[in-house]
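Here's the letter readout for the chains.
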Amino acid sequence: MVPVEHYFVLALILFTIGVVGLVVRRHLIFVLMSIELMLNAVNLVFIAASRALGTLDGQIMVFFVITVAACEAAVGLAMVISLYRRYGTIATDFLRTLRG
Amino acid sequence: MGLDQGPWLMPLAISIVKFMVLFVVLLQLPPILIWLERRAPALMQRRRGPNRVGLFKWRLWGLLQTLADAIKLIFKEESVPASAHKLLFQLAPVLGLIPALLVMASIPLGPDLLIAGQRISLNIVRLNIGFLFILAISSIAVYSVTLSGWASNNKFALLGSMRASAQMISYEISLGLSLVPMVLIYGSFDLYDIVNGQVQLWAWGIFLAPLSFVLFLICMFAETNRAPFDLAEGESELVAGFHVEFGSTKFALFYLSEYINMFALSLLCAIFFFGGWQIPFVSHEQLQQLLASQNLASLCGLAVLLIKAAFFMWLYIWVRWTIPRFRYDQLMTLGWKFMLPLGLVNVMVTALVLTTRF
Amino acid sequence: METLAIFYTLAALVILCSLMVITLRNAVTSAVFLIADLFLLAALYAQMGADFIAGIQVLVYAGAIVVLFLFVIMLLNYTPGHREEQGEGGHLERAFGAGLLALVAGLSVVLACSSKFSLVLPHAFPFADSGDNTYQLGVALFEKYLWPFELSSLLILLAIVASIFIAKKKPPYEGKRQ
Amino acid sequence: MNPYLPVLFIFVFGAVFGTIMSLLAKFLGPRKASAVKQQVFECGVSGDDTRVRMSVKFYMTAILFILFDIETIFLFLWARTFQTLGWFGFGEIMVFMAILLVGYIYVVKSGALEWD
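Quick mapping for you: the protein sequence lines, in order, are chains A, B, C and D. For what it's worth, the working numbering labels the leading residue of the first sequence as 107, then goes sequentially. For what it's worth, the working numbering labels the leading residue of the second sequence as 614, then goes sequentially. For what it's worth, the working numbering labels the leading residue of the third sequence as 17, then goes sequentially. For what it's worth, the working numbering labels the leading residue of the fourth sequence as 431, then goes sequentially.
Chain A extracted, bound-state conformation:
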C-alpha cells in the first residue's frame, strides 16, 4: 500500500507545474491546459484522501470537479475562439492592452 503522503507530494508537484505553466506561457491554449493540470492535481488529492479516510466523498468531489472542468474548458475555449476571430491573436500580452 502506498502511503497517502506520497500521493500528496505528487499532487503538489503536479500543481506547481500547472502554476509555472500558467506564469510562463503566454498563449491562452497553454494557460487553459495548465489549469487542467492543476485541477488534476486537486483530483489526485481528493482520491488519495478518500481512500485514506475510507469514504467515498472524495470520489464524488472528483465527479463534480470533472463536471466543472468540462464546463470551464467549454467556456474558456469558446472565449479563445471568439478572441481569435476578433483580434487574430490570443497572446495574453496583447490581450492585456484591451483593458478599459
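By construction, these hints were calculated from the structure, which means they are not laboratory data.
Simulated crosslink set (DMTMM-like; lysine to aspartate or glutamate; CA at most 20 Å straight-line):
| id | chain 1 | residue 1 | chain 2 | residue 2 |
| --- | --- | --- | --- | --- |
| 1 | C | LYS185 | A | GLU178 |
| 2 | B | LYS950 | D | GLU544 |
| 3 | B | LYS921 | B | ASP806 |
| 4 | D | LYS487 | D | GLU544 |
| 5 | C | LYS184 | A | GLU178 |
Covered stretches of chain C (in silico footprint by chain B; criterion: 3 or more residues with CB under 8 Å from a CB of chain B, positions within the stretch not fixed):
| id | stretch |
| --- | --- |
| 6 | 43-52 |
| 7 | 68-75 |
Ideal placement from N, C-alpha and C gives every residue a C-beta, glycine not left out.
Based on the hints, put chains B, C and D in the right spot on chain A.
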C-alpha cells in the same frame, strides 16, 4: 488494489496466452473480410469479382487475392510527406490499434472452459466497471483519426479527419445513451451479467429495448465510419480522408484496426441484444447435460456468439452496397436532432416501465 | 513492494508528461502529452480502487475535453511546422517558474526522505472496496449529494448556453488575420 | 491478480506491435525519396500550407459532445443504482434532464447544429 492480490504470475501468463490466440485470430480478419467485401457485392451486382489468385490449379474462389494484396502492401515504399509532423505521423496508426485491441480483449466470448481442473474464462480483461471500460477506451480512438489528419499536413486529410472525428464524437453520445437501458434492465455493467440475464428468449435485449437496438445499430455504422456514413473518406470528394498520406504498413494498420473495431461492435451488438452465447430455448445447463461436457457446451456457446456476430459483419457489407452515402448535414442532423432525443426518451420510457413494475 | 514500484513509475511519468505539456512549443504535441498525462492519472486512480472515477477520467477528460482542445488548436490553424511567434513569457517569468519548480522539487525530496513527515490521517486504512464501488458511489451521489447533483445540471446548462453564445457571435470585422 | 495487469500488457503489446509494423516498411520497401514524392498529395496543387479555414461548427459539436457526455455519465451512474432508488431517483433524474433539455432546446434554436 495492487499487485498484492494473491498470485499473479500464473493468471497473467494465462491471459497472455489467451490474448495471443485472440490476436492471431484477429490478424485473419482483414484478409477474409476484404475478400468478402469484394465477392459479396460482385454477387449482388451479378459480376464475378476477383477470382483468379489461387494455389497452383486450385483457384479457391480468389481467396488468396487478399493475401497477395497484403504481401504487396508490406513491400511497398513508404512515403512520408516532408512537411508532416514525423512523430505524430508514426504514432497515429498505433493509437488506433491499441484501443481496438483493448476493446476486443474486454469482450467475453463464451462461458468458461474447464482445462486441467482450472476455469478458463473466454475473456481477457474483466474489470469492475464492465463495459464502461469499453466506452472509455473507444473514446480514445478518436485521436488516431484527428492526429493522423493533422500530422500529414494535407488539406484533404485535415478536412477528412475533422469530419470523421466530429462524426465519431457525435455518435458516441447516442451509443452511450442506447446502452443506458441495458444497465437499467440487467442492473449491471458486467457483460457476463448482461448475457446471463438473457437466458429466456423474451429477455433478450432486442425484445426488451427495441429502440436501443435501432440506435445502437446506427451508431455501429457511424462509429466505424462505414457506409452509409463513410463520408469522411468519401473517395469522390476527399480522396480518402484522414489516411490519404498513409501508405504501406501504416495503411495496413489502419485497416486492421478498422476491421477489429467492426468485429468488436458486432460482438457487442450480439451480446447486448441477441443473448450473446445463449441459444433460444436451450439453457447452458441443458446443453451441458446433452453434450455431457462443459467444454463442448462452452465451445457451442462461442460458436453461437460468432454466428450472431458474423451476421452483423455481413450486415456491414450488405448495407454498404445498398444504402447511398449521407450528406454531412444530414449526418449531423440525424445524430443530434433525432438520435440524441430518441435516446433520452428511450431511457425515460424504459425507466418508467421498470419503476412501475417494481 | 510492487505497488510502490508501480506508483513511482507512474508518478515519474506523470511529472515528465506534465513538464512536456508546459514546455513544448507546439500546441498539438502538448495536447498529446496532456492525454498521456490524464491516462496515467487514471491508472493511478485505478490503483487506488477508484475504478469508476478512472473510467470517467478517460471517458470525459482524455476522451472529450482534450478533443475540444485539439479542435480549437486546429481551428487556430496550427500546422506541424508552426511555432507560436509572439507572446512568450519574459526572463522574469521564466526565472520565477524555474525557481518555484526547484523549490517544490527540493521540498518534495526532503519530504520523501524524512520519516517524520506523516499527516494526521490514518493512512493505510483498509478501503471499503468490496469489488464494485460504483454502486455505493451512485447511492451516495443520489442521496447524500442530491443538491450538488441538481446544481451541476444548472452549471452544465449555463456552460452550454454561454459557450454557444460566445462562440457563435460574429466579429464586427473579419480582419487582422496575419 | 490485479485485473489491470492484462490491460497494461495489451497496451504495451499494441504499442510495440504497431511501432514494429509501421517501421517495417522502412526496411522492406524500396527507398527512393525525391522532393516531388515527398510533397503532400493534393492533386497537383503544390504548397505545404494547410491553413484551411475550419468551420466553427466542428468546435460547437465538440462542446456539445463534452456536455452531453457528462450527462451520459450521470445517467449511467443512476442506471446502476436505480433499482434501490426507485421513484425518488427517477424524479431526481427527471429534474436533471429537464434542466438540460432547456439547454438542448436553446442549442437547437440557436442554429448551432445547422450544417450547411
